[in-house]
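S.K.: What follows is the residue order along each chain.
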Amino acid sequence: MQHGEPTFQLKNRTLRWVERRLPIFGLIHSSFVAYPTPRNLNYWWTFGGILSFMLVVQIVTGIVLAMHFTPTVDGAFNSVEHIMRDVNYGWLLRYIHANGGSMFFLAAYIHMARGLYYGSHKEPRELLWILGVVIFLLMMATAFMGYVLPWGQMSFWAATVITNLFSAIPIFGNAITQWLWGGYAVDQPLLQRFYSLHYVLPFAIAFVVVLHVWALHVVGQNNPDGIDVKTDKDTVAFTPYASMKDSFALVCFLILTAWFVFYAPNYLGHPDNYIPANPLQTPPHIVPEWYFLPYYAILRAIPNKLLGVVVLFGSIAVLFIVPWLDTSKVRSARYRPLYRWFFWLLVVSVIGLGYLGSKPPEGIYVAAARILTIYYFAHFFVVLPLLGFIETPRPLPSSISEAVLKKKGGAPVTAGGVAAPEGRG
Amino acid sequence: MTVETTAEPSRRDFLYIATATVGAVGAAAAAWPLINQMNPDASVLALSSAEVDLKPIAVGQIVTVKWRGKPVFIFHRTKRDIDEARAVKLADLIDPQADEARVKKGKDEWLVLVGVCTHLGCIPLGHQGQYDGWFCPCHGSLYDTSGRVRRGPAPLNLEVPPYEFSSDTSVKIG
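Note that the protein sequences, when read in sequence, are chains A and B. Using my numbering, the final residue of the first sequence is 428, and nothing's skipped along the way. Using my numbering, the final residue of the second sequence is 313, and nothing's skipped along the way.
In case anyone wonders, no lab produced these hints; they're calculated from the structure. Since we're looking at a predicted model, the values are computed, not measured. For each residue, glycine too, the CB sits at the ideal point set by N, CA and C. There could be a bad hint or two in this list.
[Unchecked claim] Taking beta-carbon pairs under 10 Å as the criterion, some of the chain A residues facing chain B (in silico):
| hint | residue |
| --- | --- |
| 1 | Trp160 |
| 2 | Val189 |
| 3 | Leu302 |
| 4 | Arg303 |
[To be verified] With a cut-off of at most 20 Å between alpha-carbon atoms, the simulated SDA-like pairs for lysine to any residue come out as follows:
| hint | chain 1 | residue 1 | chain 2 | residue 2 |
| --- | --- | --- | --- | --- |
| 5 | B | Lys205 | A | Asp77 |
| 6 | B | Lys205 | A | Val76 |
| 7 | B | Lys205 | A | Pro279 |
| 8 | A | Lys362 | B | Gly279 |
| 9 | B | Lys246 | B | Val202 |
| 10 | A | Lys233 | A | Leu408 |
| 11 | A | Lys409 | A | Asp235 |
| 12 | A | Lys233 | A | Asn45 |
| 13 | B | Lys205 | A | Pro286 |
| 14 | A | Lys236 | A | Asn45 |
| 15 | B | Lys246 | B | Gly313 |
| 16 | B | Lys205 | A | Asn281 |
| 17 | A | Lys332 | A | Phe383 |
| 18 | B | Lys244 | B | Leu184 |
| 19 | B | Lys205 | A | Gln181 |
| 20 | B | Lys205 | A | Pro282 |
| 21 | B | Lys205 | A | Gln284 |
| 22 | A | Lys362 | B | Lys205 |
For reference, chain A alone in the conformation it holds in the complex (with noise of 0.2 Å):
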């Protein structure tokens, strides 16, 4: 954006027409033509591209859903089942709608922690990050919602453990609850306000992925080395180094999806879910979607219900705060011997939490998420905190040109000259 060429010329008369009254295609070209990344980057940089691709095909696949799907409590399990099997393709719409939003927090996931990793959240990139740490949230409201829609068991008892996680506010918990459900307990007020919301919070999250990409757009991409452009050696052009690695990654990501999609579309959900909801039982034993495995065990591990909603919160909400907490000066993992290890082992701990999650809440699964509960919170509160006084970082490269061309043990090129350079990760 303030990277606008003026050397940017249409030659369609039309074209230059409109680009003189609303200059749109300059900002294309400059945003994602000329736009100069590292050219350090590898393949962990391209799940941003995935991710937005992802957003268009939950929105597009969830707008096609909406004109079959009934929202009330009675036609709501019947209209998914419609879909299943009357609807043309309905099938294959609502089975890429159901893998895409796993797929979605895989991506998203793997995002993060590139992020976490190559220190991508430190200065000056905190706002970019916090508004990531938004699309988050936002996604996982949006998700949420969207998996109570089908009022199967696992919807309908989903809805309500979360609802009721608001009724451990002090005070005014009953009149939140009732609030959000519209009644006093989950039923049709529910299911059609998450309905509402589930179809309008994708263009929220839209907004802010437009925000985050704004934000990127003007402090430029970490890369792997986690040290600054300084000169025009250090980038190559968005188009085509950028953009057709993200086309690759992105053609290798679709091909995971393919696959859940089309060979195991009901692995990730959970059978009783094709149970219609009944309000009088609960299944013997409820667990939610994978990607929120992790929070579910750490709300299990803390024996006290206020307090289990809040450090629940906490889990997230300490993400906010990160760019802070991280005291060390240098950005990459690379160059930090110690942080390296400790990262992979917050990784580690959050797997475990979620394998934990999918665990019944007894015995050894609740001391081993207690222990890995207080891993996760440490991370942030101690360990990275302290690091940057402990730790001494591996001497950094004098520039991204430098970094690449050592390893790569080539002569020195000029900028663009040669293929982005493969950096492992």
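Put chain B on the given structure of chain A with help from the hints.
M.R.: For chain B alone, coordinates are given in the frame of chain A:
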């Protein structure tokens, strides 16, 4: 641009503050209907009582009826259930309350409860757990034969809804 500092607030400052205040009040007034529309509506409030015939409920049986969209347990307690509930020391309870305070006087055998776990709203399973009351399958809370919580994470006893005996063999809940 020069920075003006005046000791006295000017007439213009007053107008700015007054305008902003009226605007804020107006915005809040406009937001209230948008927020309040989500509260339980008139039709939901109208369906707030249920009549239950107690005759078919055998001793020892728990019957579940629906009231305000929620399950209500009606437990026809045995002598043993009542004695067990009354033998407990109040100090041992998480949410101390005497069994006598949870039933109607002279109707000790009838326990009426909202069948919603006070933790996160799951429906506990009857005649289960070491206290012979209810066990919540979601997060493992245990309730006794008076519906009082005996093991967390639930913080409170099962709620006793407002009800009255409309005759010796029927109750009106709500």
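S.K.: Hints first: check each against the structure and report whether it holds.
M.R.: Each hint tested on the structure:
Among the interface hints, the one on Trp160/A holds; its C-beta lies about 7 Å from the nearest C-beta in chain B, closer than the 10 Å criterion. For Val189/A, the interface hint holds, since its Cβ comes within 10 Å of a Cβ in chain B; the closest pair sits about 8 Å apart. Hint status for Leu302/A relative to chain B: holds, with the closest Cβ pair at about 9 Å, below 10 Å. Interface hint at Arg303/A: satisfied, since its Cβ lies 6 Å from the closest Cβ of chain B, which is below the 10 Å cut-off.
Straight-line distance between C-alpha atoms of Lys205/B and Asp77/A comes to about 17 Å, which keeps the hinted pair within the 20 Å bound. Annotation: proposed proximity of Lys205/B to Val76/A holds, straight-line Cα distance about 16 Å (limit 20 Å). The hinted pair formed by Lys205/B and Pro279/A meets the criterion: a straight-line CA distance of about 17 Å does not exceed 20 Å. Taken as a hint, the Lys362/A and Gly279/B pair is honoured in the structure, with Cα atoms around 13 Å apart against an allowance of 20 Å.
Under the criterion of a C-alpha separation no larger than 20 Å, the hint pairing Lys246/B with Val202/B is consistent with the structure, at around 17 Å. Our distance criterion of 20 Å between C-alpha atoms is met by Lys233/A and Leu408/A, whose separation comes to about 15 Å. Only pairs whose Cα atoms come within 20 Å are accepted, and Lys409/A paired with Asp235/A is accepted, the gap being roughly 18 Å. Distance check on the hinted pair: Lys233/A and Asn45/A sit about 19 Å apart at the alpha-carbon level, within 20 Å; holds.
Annotation: proposed proximity of Lys205/B to Pro286/A holds, straight-line Cα distance about 18 Å (limit 20 Å). Among the hinted pairs, Lys236/A with Asn45/A is consistent with the structure: their alpha-carbon atoms are about 17 Å apart, no more than 20 Å. With a C-alpha separation of about 18 Å, the suggested pair Lys246/B and Gly313/B falls inside the 20 Å cut-off, and the hint holds. With a CA separation close to 12 Å, the supplied pair Lys205/B and Asn281/A stays within the 20 Å bound.
Between Lys332/A and Phe383/A, the direct Cα distance comes to roughly 16 Å. Compliance with the 20 Å bound is thereby established for this hinted pair. For the given pair, Lys244/B sits about 29 Å from Leu184/B by alpha-carbon distance, which is inconsistent with the 20 Å threshold. Annotation: proposed proximity of Lys205/B to Gln181/A holds, straight-line Cα distance about 17 Å (limit 20 Å). Note on Lys205/B and Pro282/A: the hinted pairing holds, with a Cα-Cα distance of about 9 Å set against a maximum of 20 Å.
Restraint check: the Cα-Cα separation between Lys205/B and Gln284/A comes to about 12 Å, which is no more than 20 Å; the hinted pair holds. Taken as a hint, the Lys362/A and Lys205/B pair is broken in the structure, with Cα atoms around 31 Å apart against an allowance of 20 Å.
The structure fails hints 18, 22 (numbered hints given earlier, in ascending order).
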